[in-house]
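Asker: Listed below are the residues making up each chain.
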Amino acid sequence: MFGLFNNKKEKKPVEETKVQLTDEEKSTLNNEIQSLKAVVKEQSGNDKIVTLNNLGSTYEKLDDKNNAIKYYEDSLNEKEQFGDAYNALLKLYEEKRKEAAYQKNDDGIQKYVGKMDDLMSISKRVLKSNY
Amino acid sequence: MVVIKFIIDNILTQAAITIALIAALGLILQRKSFGSVLAGTFKTLLGFEVLSAGSSIIVASLTYFGKIFSHGFHLRGIVPSIEAINGQAMNQLGLGNEIALTFLGIFIVNIIIARFSPWKYIFLTGQALLWMATMTTIGGHAAGLSGFPLIALGSVIGGIFAVAMPAVAQPIVRKITGNDAIALGHFCTVGYMVESGAAWLFGERGEKKHSLEDMKLPKSLEFMQDTYLSVMVVMVPLYLVTAAFAGPKYGAIGAGGMNYMMFAFLQAIQFVVGVYVLLAGVRLLLGEIVPAFRGIAMKLVPNSKPALDCPVLFPYSPNSVIIGFITTTIGTVIGMFFLPVFGLAVILPGMLTNFFAGGTAGIFGNAVGGRRGAIIGGVIHGLFITLLPALLVGVLTHMGFTNASATDSDTIVACLMYAWIISPILKAV
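Which chain is which? The protein sequence lines are A and B, in order.
Residue numbers are given in this note's numbering: position 123 of the first sequence equals residue 120, and the series is strictly consecutive.
Residue numbers are given in this note's numbering: position 304 of the second sequence equals residue 308, and the series is strictly consecutive.
Just so you know, the hints here were simulated from the structure itself, not pulled from any lab data.
Ideal placement from N, C-alpha and C gives every residue a C-beta, glycine not left out.
A hint or two may mislead.
Unchecked claim - From the derived model, a few chain B residues whose C-beta atoms are all more than 10 Å from chain A:
{"no.": "1", "residue": "Ile21"}
{"no.": "2", "residue": "Asn183"}
{"no.": "3", "residue": "Ala185"}
{"no.": "4", "residue": "Met266"}
{"no.": "5", "residue": "Ile273"}
{"no.": "6", "residue": "Arg298"}
{"no.": "7", "residue": "Ser308"}
{"no.": "8", "residue": "Pro315"}
{"no.": "9", "residue": "Val316"}
{"no.": "10", "residue": "Tyr320"}
{"no.": "11", "residue": "Leu348"}
{"no.": "12", "residue": "Ser427"}
Unchecked claim - Quick list of in silico lysine-lysine cross-link-like pairs, DSSO-like style, CA-CA up to 27 Å:
{"no.": "13", "chain 1": "A", "residue 1": "Lys58", "chain 2": "A", "residue 2": "Lys34"}
{"no.": "14", "chain 1": "B", "residue 1": "Lys303", "chain 2": "A", "residue 2": "Lys62"}
{"no.": "15", "chain 1": "A", "residue 1": "Lys67", "chain 2": "A", "residue 2": "Lys45"}
{"no.": "16", "chain 1": "B", "residue 1": "Lys253", "chain 2": "A", "residue 2": "Lys88"}
{"no.": "17", "chain 1": "B", "residue 1": "Lys179", "chain 2": "A", "residue 2": "Lys58"}
{"no.": "18", "chain 1": "B", "residue 1": "Lys220", "chain 2": "A", "residue 2": "Lys125"}
{"no.": "19", "chain 1": "A", "residue 1": "Lys62", "chain 2": "A", "residue 2": "Lys112"}
As the list claims (entries may be wrong) - If you anchor each label on the Cβ, the simulated ranges turn out as follows:
{"no.": "20", "chain 1": "A", "residue 1": "Asp115", "chain 2": "B", "residue 2": "Leu233", "range": "20 to 28 Å"}
{"no.": "21", "chain 1": "B", "residue 1": "Pro241", "chain 2": "A", "residue 2": "Glu39", "range": "30 to 38 Å"}
{"no.": "22", "chain 1": "A", "residue 1": "Lys62", "chain 2": "B", "residue 2": "Glu211", "range": "33 to 41 Å"}
{"no.": "23", "chain 1": "A", "residue 1": "Val36", "chain 2": "B", "residue 2": "Val237", "range": "30 to 38 Å"}
Okay, chain B solo, but in the shape it has when bound (with noise of 0.2 Å):
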């Protein structure tokens, strides 16, 4: 019994342990070698920590960020970053078993609806199944759930949303391939639709539909061949811009004696660090769970439609990715300054978001209304995508996240679902 209750109590309870203990699970069931799972267990656990480490890393330099922000602006200025939030949430709220859980729950669910239903999408891109287990974890725990409850809503969400996303997109996936073979897996699809609705609105059509892949762009966005260096071309002017508003005073806090504007660029520099020691961990996490389980979901679906990340679409619309980019920046900066006059959060606009969703919210834009449809759908697309994170940070503020707010737009609706709808239901009975 002691032996027992020392590994619930002290093993267990260990969000490391319960993820390499999964992708133990799907290397057995893949019938692995004994080498080949033992090594893919701690591969998962090692991944894991430098994820923790990472976080801690980003926490570090956003809540200095965070204080210079609130006295440079009188503001409460948010970044907004999926990651972040991550692991804040394994870390801070404890809550990386059930966000571990819930992930594989995730993978569960989707795999039965695409086994038993007409939609047959197996959602493949892991880390955006690991944002949508945190947040649906996160927007449980913020209703109040805990324990099996928390796990099995979560797991049921986030699998209704792994295979609704991709089946919402799939109409406009389909006009943009040419065909019906994949499926889009990304977990901005709110956003994508919010382009489409509005590309759809205001854009061309019929004959006077342009692409913008008829134009010829200029080459000027050399920057952004390194993701880390685009992280940084942003991070490093905002603490300088925000440390010079703070002045020496506050600038310099915890920077002991060293000048203050030389603090806060060390301090963006280290969010750049604790943004690529993440990734790297999510990557040596995910490295081992998804190959095995993705594995066993295609033999359970074979005729399934494989639900791939966003960078899929990119070679059929490549000029609407580098206009979605641009439109979508240029609404999050009008966000930035718009949201705050109605009393909301100031959310910095995120490079790697305006990239990746951006770009790939372009390329729907430019799908359903042409030039003008894809210019005018990535700035209100910008704007909508800053507004998500800025209605979440009442919630995620009220659980105690330092000066962070997620990203991905399904997520967040998530998220929000659960705030908004499951929590009022849940006090009410």
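Extracted from the complex, chain A is given alone in its bound form (with noise of 0.2 Å):
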């Protein structure tokens, strides 16, 4: 009934079905991202939160999400705002919650689902600070 009881069948949730790369392809997004990271040292301001968002979704697209991560979190501490890095993380956090959750990893749920509540607050503040 509603397959309230189905759960004997139920099994872990289909991955979303990644674009397989080939390595001609890596190689020239490994590249991009080397050229990037030489470009935004030298930066600031809007440009430089422009390269960090094009590293993080560089690194998102390698499936290299603790990088991407990283970068987006570097770009909302640029500027706290809506925007690619905000949505990019919201999703990614969760993806890597999952993960966490999978392998029954206490600290890593935390800190994931920390990372969510953080982003409410940053969510919270840029729109009380933008009216």
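Two chains, each in its own frame: build the complex with the hints.
Answerer: Below, the structure written as structure tokens:
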């Protein structure tokens, strides 16, 4: 009834089908990362934020979640605002939270749920400071 | 025997102890060190006492306000504040123990439903769960239940709400966020669905649909930057105007020779102080329990969908939040004047609810019916969230609550369900 008791059949959710990158594509993305890293050191203000977001999204394409999170967080640290970094982080934290939950890693769960809480505090701050 | 009897009669009847023990249980299940368990347990105990202290401050201020309002306008003026209801239920009615255990029960029922059903929502907004536990306990108490049946029924109803509300909102949340990763865990969802329905009826559709996000809004809501300042901005004029109407004779009740307007001003500030203390208590109270139990929930249901507090949606539609807040406030002001015509109490607009619930409702309205949908839907939402606490006043007054009514729409619906459906059934059986 309503699938309430079909737990036995329940399987781990199908991971989102990620596009498999060829070695060539991977090396192009890695090159891109190197050049972005070189540029970002010289930058400040909005330009820096754009580059940090690009670094985040490039790492995301490479499925390197930890580095993606690091650069998106750097971007939000530069300036708390709504946009790509915020949205991407919410999604990445939730993915990391899920991974930690499957591994029964309590510290990991707390870390990423805590980070989601922080995002919500940022959300309140940004909204109030915008108006 | 004497020792056990002493423990049961004197220690376990204390809500502060019960809730501290629940925190200890959560921390022990997480295999925390002895020191962490001890610290967490005592922090929770302290949080409960701070919450009670805040509640007493609010109740004292609201009692004064109730008096001047009835003398000034010859009507009942009710300040909707779920915090005040929670505090009064715990202190005056002695329902603290039941609320604490129902809180735990809701969490357990939520995990069970998420584990064994296709609805994988785990409700993570601890504060909202506490309010839900409060309202189901009040509802059950009003229906004549007590002890285990009261706690069990409250847990089941609260647990169902904790899964059903995120599930009901999810189709629209998906539309707002563009993905299915997270859900909304805020017990104002019935209100959001009312706004969505109104937005669908009266809003724009198809090519005519314009999003509020394409508009430029003026920056003029600086007073909202600080939560307590925004409460003060409303409460001070409210108390002063009411005291002016009540006149020096009634406005100075309890003032001890102070000028009545000055006394009213200080009472308004006292209200804000009460909210401040109470919310600090809630943070302390839930600071240990919520992380412990959500860790447990996530491990038991790894593929769960976390239902998060309403600010999670703000970034997707910031203009809608502001328009939602303004239109909901307009609706609540209309409701304040309009409802007494039907013999209902005067429900004064609550700024915090209007901002968070109104703002989130605005996002729903905009997603469903665009600009026009959000504006018309917002006013209807404001009317709706004024009507619900007005309907609840009868139930609460019966039980001896002072001049307050609840705010979050889902918790009110749960309580009204007890009053209108469960209580008549129990009486008939």
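Asker: For Lys253 of chain B and Lys88 of chain A, compute the direct alpha-carbon distance and say whether it is at most 27 Å.
Answerer: violated (60 Å)
Asker: Classify the label on Tyr320 of chain B as holds or violated, using whether its beta-carbon is more than 10 Å from each beta-carbon of chain A.
Answerer: violated (8 Å)
Asker: Please verify that the nearest CB of chain A lies beyond 10 Å from Pro315 of chain B's CB.
Answerer: violated (4 Å)
Asker: Taking 27 Å as the top limit, are the C-alpha atoms of Lys220 of chain B and Lys125 of chain A close enough?
Answerer: holds (16 Å)
Asker: Can we confirm that no CB of chain A comes within 10 Å of the CB of Ser308 of chain B?
Answerer: Given a closest Cβ separation of 8 Å, the condition is violated.
Asker: So Ile21 of chain B supposedly isn't at the interface. Is its beta-carbon more than 10 Å from every beta-carbon in chain A?
Answerer: holds (26 Å)
Asker: Are Lys62 of chain A and Lys112 of chain A close enough, with their CA atoms no more than 27 Å apart?
Answerer: Holds - the C-alpha atoms of Lys112 of chain A and Lys62 of chain A are around 14 Å apart, at most 27 Å.
Asker: Once the closest CB in chain A is found, is it more than 10 Å from Ser427 of chain B?
Answerer: holds (28 Å)
Asker: Looking only at beta-carbon atoms, does the pair Pro241 of chain B, Glu39 of chain A fall within the given range of 30 to 38 Å?
Answerer: violated (53 Å)
Asker: Against chain A, does Asn183 of chain B hold up as non-interface, every C-beta pair farther apart than 10 Å?
Answerer: Contrary to the label, Asn183 of chain B does not stay out of reach of chain A, its closest Cβ about 7 Å off (not over 10 Å).
Asker: Given a hinted range of 33 to 41 Å, is it respected by the beta-carbon distance of Lys62 of chain A and Glu211 of chain B?
Answerer: holds (39 Å)
Asker: Would you mind confirming whether the straight-line C-alpha gap from Lys58 of chain A to Lys34 of chain A stays at or under 27 Å?
Answerer: holds (16 Å)
Comparing the model with each numbered hint stated earlier shows that hints 2, 3, 6, 7, 8, 9, 10, 16, 21 and 23 do not hold.
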